[in-house]
Amino acid sequence: MSQIAQQVFNALQLGSFYALIALGYSMVYSILMLFNFAHGDVFMVATYIGYFVAVGLLGLVAASMLPLPSWALFVLTLVLTMFLASFVGILVELVAYRPLRDAPRASAAITGLMVGIFMETGVLALLGASRKDFPALIPPQTFQLGPIYVTNLKILTLGMTLLLLVLLYLLIHHTKLGMAMRAMSFDYAVVPLLGIPMNTVISFTFALGSALAGAAGILYGMSYPVLDPYMGVIIGWKAFVAAILGGRGSIFGAVVGGFMLGAIEILVAATMPSTMRDLIAYSIVLLILTFRPYGLFGEEYSARLRL
Amino acid sequence: MSSPQLVVENLEVYYGNIRAVHGISFHVNKGEIVAIIGANGAGKTSTLRAISRWMVKVGPKTRMTFEGHDLLRYPPHKVVSELGISHVPEGRRIFGNLTVWENLMLATYARKDRHNLKRDFDMVFDLFPRLAERRNQKAGTLSGGEQQMLAVARALITGRRMMLLDEPSMGLAPLLMQEMFAALRQINREGTTILLVEQNAHMALKFAHRGYVLETGNLVLEGLTMDLLQNPRVKEAYLGG
Ligand SMILES: Nc1ncnc2c1ncn2[C@@H]1O[C@H](COP(=O)(O)OP(=O)(O)OP(=O)(O)O)[C@@H](O)[C@H]1O
Ligand SMILES: [Mg+2]
Chain S
1 MSQIAQQVFN
11 ALQLGSFYAL
21 IALGYSMVYS
31 ILMLFNFAHG
41 DVFMVATYIG
51 YFVAVGLLGL
61 VAASMLPLPS
71 WALFVLTLVL
81 TMFLASFVGI
91 LVELVAYRPL
101 RDAPRASAAI
111 TGLMVGIFME
121 TGVLALLGAS
131 RKDFPALIPP
141 QTFQLGPIYV
151 TNLKILTLGM
161 TLLLLVLLYL
171 LIHHTKLGMA
181 MRAMSFDYAV
191 VPLLGIPMNT
201 VISFTFALGS
211 ALAGAAGILY
221 GMSYPVLDPY
231 MGVIIGWKAF
241 VAAILGGRGS
251 IFGAVVGGFM
261 LGAIEILVAA
271 TMPSTMRDLI
281 AYSIVLLILT
291 FRPYGLFGEE
301 YSARLRL
Chain Z
1 MSSPQLVVEN
11 LEVYYGNIRA
21 VHGISFHVNK
31 GEIVAIIGAN
41 GAGKTSTLRA
51 ISRWMVKVGP
61 KTRMTFEGHD
71 LLRYPPHKVV
81 SELGISHVPE
91 GRRIFGNLTV
101 WENLMLATYA
111 RKDRHNLKRD
121 FDMVFDLFPR
131 LAERRNQKAG
141 TLSGGEQQML
151 AVARALITGR
161 RMMLLDEPSM
171 GLAPLLMQEM
181 FAALRQINRE
191 GTTILLVEQN
201 AHMALKFAHR
211 GYVLETGNLV
221 LEGLTMDLLQ
231 NPRVKEAYLG
241 G
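These protein sequence lines map, in sequence, to chains S and Z.
Following the working numbering, the numbering of the first sequence begins with 1 at its first residue and continues without gaps.
Following the working numbering, the numbering of the second sequence begins with 1 at its first residue and continues without gaps.
Calculated from the structure, these hints are not laboratory results.
Do not rely on the hints blindly, as some may be mistaken.
Ranges of calculated distance between the beta carbons of each label pair, as one might list FRET restraints [said to hold, decoys possible]:
1) Leu72/Z <-> Ala62/S: 54 to 64 Å
2) Glu9/Z <-> Pro293/S: 44 to 54 Å
3) His174/S <-> Lys57/Z: 29 to 39 Å
4) Trp237/S <-> Gly41/Z: 20 to 30 Å
5) Asp122/Z <-> Gly159/S: 23 to 33 Å
6) Arg119/Z <-> Leu171/S: 51 to 61 Å
7) Glu299/S <-> Gly191/Z: 38 to 48 Å
8) Lys118/Z <-> Asn199/S: 22 to 32 Å
9) Tyr15/Z <-> Val55/S: 49 to 59 Å
Below are the DSS-like pairs computed for lysine-lysine, each with C-alpha atoms no more than 25 Å apart in a straight line [claimed, not checked]:
10) Lys112/Z <-> Lys176/S
11) Lys118/Z <-> Lys176/S
12) Lys176/S <-> Lys138/Z
13) Lys78/Z <-> Lys176/S
14) Lys30/Z <-> Lys112/Z
Just so it is clear, CB atoms sit at the ideal spot from N, CA and C, and this is done for glycine as well.
Work the whole structure out from these sequences, hints included.
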C-alpha cells in the first residue's frame, strides 16, 4: 500500500516535467500547426540558464551580498530563469520559423531539428563536455506522511507545477493575449483583422512555452542534478509523445498526456525489469493512439480555416 | 469639395499569376454608404481584402489612400488599429471557441481610446440585444444569423471610421436581413462610412447611396443607387429583369 503511494508521488513528479514541457509543444502547435522540434533543446538551454542563475545567486548569498533564505532563493532563481528562457523560445521562432511561415510544414520541422542540434553542439562547444552539477538550492529533506516518505523536492515539483498550471489557465482565459492565442488556434488568419499583430501573439506563445520549459529545467535540475548538452533530447521526445497522447494542439491534453505518460512509465518501471521500461511504456502509448489517433483531447477534424 | 475618404486607383489583385481584379478605380466619401455589386467570382471579396491589406497581393500600379494615408504602407493589423477601418469578412469568421463576450473583448485589443469602449459596447448591445442575452454563450453555438450579428458587432468595436462588409445579407432570413440593414443604417448615421459588397443587388442598392457594378474584375457601371436601380443593364443582369 505504502509502496503504491510512494510510486504515485514518483509518477506525479515525472508527469510534472513532461506536462510542463509538453505544453510548449501543444501551445505552439495550436496556433501554428507546427511541431517545434527544437523544444527539447530549449528545455536543455533553459536548464543551463537555470544553472548559471542558481550558481550566480548562490555566489551572491555566499558573499553575503544577497541575504535571502533558501526558499526565496529558489523562487528568485525560478522567476529569473523563466524570464530568460522565454527569450530562447522567442529567438528560435524569430530565426528558425518566422522566415518559413509560408513554407511547407516539413521544411519548418526539419529546420527545428537542425536548430536543436545547433543548440546541443553550441552548448557543447561553449561549455565543454564536462557535466555540470546543478547546485542544491534547497536542502533536501524527507517527510513522513503516515506510512510513506516523500522528499521536499517532490512536493515542491508538484506544487510548483500545479501553481504554474493555474497561472497559465488564468493567463489564457483572462488576458487579451491569452484570448488572442485561443482565437488564433481557431482561425489563424483572421486575427489581424481585429487589429491584433500576429507576430506578437506568436512570440508570446513561444515565450510562454519556453518559460514553462525553464521552470521544468529548474525543477528537473534540482531532482536530477547532472546537466549535459544532450539532456533535452530524450525528455523532449517524451514530452512530445505526451503532447500527442493528449491530443495535438490541446493545452489541457498536454497536461493530461504528461501526467499519464509519467504514470505509465512509473507503473511499468515498478512492475517490469528496468531495461524494458520504455519499450513497454511506449507500446502502451502506441496502443492508446491506435484507438484514439487524435489523442485524448484532440479534435477529429480541425475546424480551423487557414485561408 | 473635400477629397474622398477612401481613394482606390488601378487596383489589381493577383493570386499567384492569376489576376482577379483588373485595375479598377473607385472612391468612397466620408459618411457615405457605397455598394459594389457583382456575381460570383467577380472580385468583390478580393477588392475588400486589398483595402484591408489582408491576404492578397496587389499590382505595382495600385494606389490606395485612406484619409490621405497611403494604405500600402500599412500591415493589416495597423489598417485596423491606426486607421480605424474594420472588416466583416466573407463567411463571418467569428471565433467559435470563444464566448460572445470574449469575441467582443478581443476586438478591443488594439483600441487606444479606452474611454469610448463603454459607449461602443452599449451601442452594440443596443443594436443587437440578442448578443447581450447570449454574451456568455460560445460563439460557435449561435445561429447563423446571430453569428452574422456578432461579426458586425465585432467589427464595430475594432474600428468605426469605415466598415467594409462582405455580403452581410448572406444566409439571413428576410426578416433578419431587414433587421441587419436597419442596424447598419443606424451605424452609418452615427458616423461610420460603409463600403459593402453584395450579390444581393436589390437589397444592396436599396440600402446604399452610391453603387458600382463589378464584372469579372472590371467596374462596368457606377452611379447613384436610385439610377442604378432603373438602369436596364442592372435590371436585366442583377435584378431579375
Ligand atoms: N486564394 C485564391 N487563389 C486563387 N484564386 C482565387 C483565390 N481567391 C479568389 N480567387 C479567384 O479570384 C476571383 C475573384 O474572387 P473573389 O473571391 O474576389 O470573388 P467574389 O466576387 O467575392 O465572389 P463571391 O460572390 O462568390 O464571393 C475568382 O475567379 C476566384 O476564383
Ligand atoms: Mg466573395
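Each hint, compared with the structure:
Taken as a hint, the range 54 to 64 Å holds for the pair Leu72/Z and Ala62/S, whose Cβ atoms sit roughly 60 Å apart. For Glu9/Z paired with Pro293/S, a C-beta distance near 52 Å keeps the hint of 44 to 54 Å intact. A C-beta distance of roughly 38 Å is found between His174/S and Lys57/Z, which places it inside the suggested range of 29 to 39 Å. Under the hint 20 to 30 Å, the C-beta atoms of Trp237/S and Gly41/Z, about 48 Å apart, miss the expected range.
As the Cβ distance of Asp122/Z to Gly159/S is approximately 44 Å, the hint placing it in 23 to 33 Å is violated. The given range of 51 to 61 Å is broken by Arg119/Z and Leu171/S, whose C-beta atoms sit roughly 29 Å from each other. Between Glu299/S and Gly191/Z the beta carbons are some 42 Å apart, a value that agrees with the proposed interval 38 to 48 Å. For Lys118/Z and Asn199/S, the hinted distance range of 22 to 32 Å is satisfied, since their beta carbons lie about 30 Å from each other.
Taking the beta carbon of each, Tyr15/Z and Val55/S are about 56 Å apart, inside 49 to 59 Å as hinted. Distance check on the hinted pair: Lys112/Z and Lys176/S sit about 14 Å apart at the alpha-carbon level, within 25 Å; holds. Proposed proximity of Lys118/Z and Lys176/S is supported: the alpha carbons are some 17 Å apart, at most 25 Å. For the hint linking Lys176/S to Lys138/Z, the alpha-carbon distance of about 17 Å falls within 25 Å, and the restraint holds.
A threshold of 25 Å between alpha carbons decides the hint, and for Lys78/Z with Lys176/S the separation of about 17 Å falls inside it, so the pair holds. The hinted pair formed by Lys30/Z and Lys112/Z meets the criterion: a straight-line CA distance of about 22 Å does not exceed 25 Å.
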